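> Going down the list, the protein sequences come from chains A and B.
Each residue of the first sequence is one higher than the last, beginning at 1 in my numbering.
Each residue of the second sequence is one higher than the last, beginning at 1 in my numbering.
For the record, the hints were derived by calculation from the structure and aren't laboratory data.
The structure presented is a predicted model; accordingly, all values stated were derived computationally and were not measured.
By construction, the Cβ of each residue, glycine as well, lies at the ideal position given by its N, Cα and C atoms.
Hints may contain errors.
As the list claims (entries may be wrong) - With a Cα cut of at most 30 angstroms, we get these calculated DSSO-like pairs of lysine-lysine:
1. A/Lys158 / A/Lys148
2. A/Lys148 / A/Lys105
3. A/Lys105 / B/Lys38
4. B/Lys105 / A/Lys227
5. A/Lys142 / A/Lys200
6. A/Lys149 / A/Lys159
7. B/Lys38 / A/Lys200
8. A/Lys224 / B/Lys105
9. A/Lys105 / A/Lys4
10. A/Lys69 / A/Lys159
11. A/Lys159 / A/Lys222
12. A/Lys227 / A/Lys148
13. A/Lys142 / A/Lys69
14. B/Lys105 / A/Lys105
15. A/Lys5 / A/Lys105
As the list claims (entries may be wrong) - From the derived model, a few chain B residues whose C-beta atoms are all more than 10 angstroms from chain A:
16. Leu56
17. Lys88
18. Ile111
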Amino acid sequence: MDLKKFGEWLKSLKNEGVEHLPVEERRSFLKLGLKVTGVFAGGTVLSLVSKVEEVFGAAPEYVDKFPYKPHYSMVLITDRCVDCQLCMDACVQTNHVPPYGWRTKIFERRLVVGPGETARQFMPVLCNHCNIPPCVRVCPTKATFKDKKTGIVRMNPKKCIGCKTCMVACPYNMRYFNEERRAVDKCDFCWESRLSKGEKLTACAAACPAGVRIFGDLSDPKSKVYKIVHDPSRVVWVLRPETGAKPNVFYTIDGLG
Amino acid sequence: MKRWLLLLIPFLISFFLYQPLWGQDEEDYPEEPIVFTKPVKAVVFDHKKHVEDAGLSCDDCHDELFEMAAGTAEENDDFNMEALYNGKYCGACHNGEMAFASNRKCTTCHIGVLGWQRMQGKGKKEEKHH
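Bound conformation, chain A alone:
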């Protein structure tokens, strides 16, 4: 291919940059019938109220039908969290996470609740098992992949060459390099350790004493996650919606003050 043709071909490629994503993202949310009710934390957290039956974590082309069955998802009722870290302990035990690594973390922030008054809020974060996962997009060896049946973003450690590009691509910093396995490791919703063996809950959801982590099938209208995500009286949001990754981990509060 001569240089001129190559240049034309380059120009004909669609720009995949993220600079225009926030607007488009908001528009696609609105297309889904969602109302933007507010922007928290410098615009990184969008609060949305579901107005229609369709799940808003899904990409527009998935509206009205769920791409996965079961469509595993987690809701975090974040103001119930007291940072006891029993979920983290259970995860480390179940999935043999080394002391330098993590599959889930708990962050802390101070919310201003009045003049000179602040409240502590803990925020558990894990792999969001995005519908459009940036980590899968960048993996050169397809070592990380989106499970076609369950939608879980999984790892094939044998294929991983340790380039760590996925770690950079992840909007949630939920990947680490496991020195022993010589491969990147991440949360797989306990697929290998529990779900594939017939368990119904992830280790973290089972260990939580405060009912923060609600795990279930988002395509099942009888499941708790479905009910919470589609409850019109609740404010439900996702982390970093501007990346366009369409996460399957949702956040809400019980309003415990």
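Chain B: place on chain A using the hints.
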């Protein structure tokens, strides 16, 4: 000689009234906040806040709700949220009437592992390896 003794009596009486022979002085409470780590990590209790701001005295809580010796309540099997909702331990006041209810404002008392580490001066541990 007898006159000298009579003069001493008012002094002795006032001394005993002012300084009880048993029990602690009202202002004499632990300065450092108490941290409970069982059954979950970690819950903070600040004597100063409860004595100075809320105006409680020692025998409002000791020894009926809590033993004086720190760490005694933690050893009890029923030292949990359920007991608090039933009016035991902190729940005696934290019932929504005297003080905010035990099932609200979780993170006011629950400082978590992060808060606990910070109190021990290990708060910077997380950021080190970056």
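> Taking the hints in turn, state whether each one holds.
Status of each hint after checking the structure:
1. Annotation: proposed proximity of A/Lys158 to A/Lys148 holds, straight-line Cα distance about 19 angstroms (limit 30 angstroms).
2. Of the supplied pair hints, the one linking A/Lys148 and A/Lys105 holds, its CA atoms being roughly 27 angstroms apart against a limit of 30 angstroms.
3. For the suggested pair A/Lys105 and B/Lys38, the alpha carbons sit about 21 angstroms apart, so the restraint of at most 30 angstroms is met.
4. With a CA separation close to 25 angstroms, the supplied pair B/Lys105 and A/Lys227 stays within the 30 angstroms bound.
5. Between A/Lys142 and A/Lys200 the alpha-carbon distance is near 28 angstroms, which keeps this suggested pair within the 30 angstroms criterion.
6. A C-alpha spacing of about 20 angstroms is found between A/Lys149 and A/Lys159, which places the hinted pair at or below 30 angstroms, so the restraint holds.
7. Among the hinted pairs, B/Lys38 with A/Lys200 is consistent with the structure: their alpha-carbon atoms are about 28 angstroms apart, no more than 30 angstroms.
8. Taken as a hint, the A/Lys224 and B/Lys105 pair is honoured in the structure, with Cα atoms around 24 angstroms apart against an allowance of 30 angstroms.
9. Distance hint between A/Lys105 and A/Lys4 is unfulfilled; the C-alpha atoms sit about 49 angstroms from each other, more than 30 angstroms.
10. Restraint check for A/Lys69 and A/Lys159: satisfied, since their Cα atoms lie roughly 26 angstroms apart, inside the 30 angstroms limit.
11. Simply put, A/Lys159 and A/Lys222 have alpha-carbon atoms about 38 angstroms apart, too far for the 30 angstroms limit, and the pair is violated.
12. Distance restraint check for A/Lys227 and A/Lys148: the Cα-Cα separation of roughly 24 angstroms lies within the 30 angstroms cut-off, and the hinted pair is therefore satisfied.
13. Annotation: proposed proximity of A/Lys142 to A/Lys69 holds, straight-line Cα distance about 22 angstroms (limit 30 angstroms).
14. Restraint check for B/Lys105 and A/Lys105: satisfied, since their Cα atoms lie roughly 22 angstroms apart, inside the 30 angstroms limit.
15. Using a Cα cut-off of 30 angstroms, the hinted pair A/Lys5 and A/Lys105 is violated, with the two alpha carbons roughly 48 angstroms apart.
16. With a least beta-carbon separation of about 22 angstroms from chain A, B/Leu56 lies farther than 10 angstroms from that chain, consistent with its non-interface assignment.
17. The Cβ of B/Lys88 sits about 18 angstroms from the closest Cβ of chain A, beyond the 10 angstroms cut-off, so the non-interface label holds.
18. Not every CB of chain A is more than 10 angstroms from the CB of B/Ile111 (nearest about 7 angstroms), against its label as outside the interface.
Hint violations for this structure: numbers 9, 11, 15, 18, all remaining hints satisfied.
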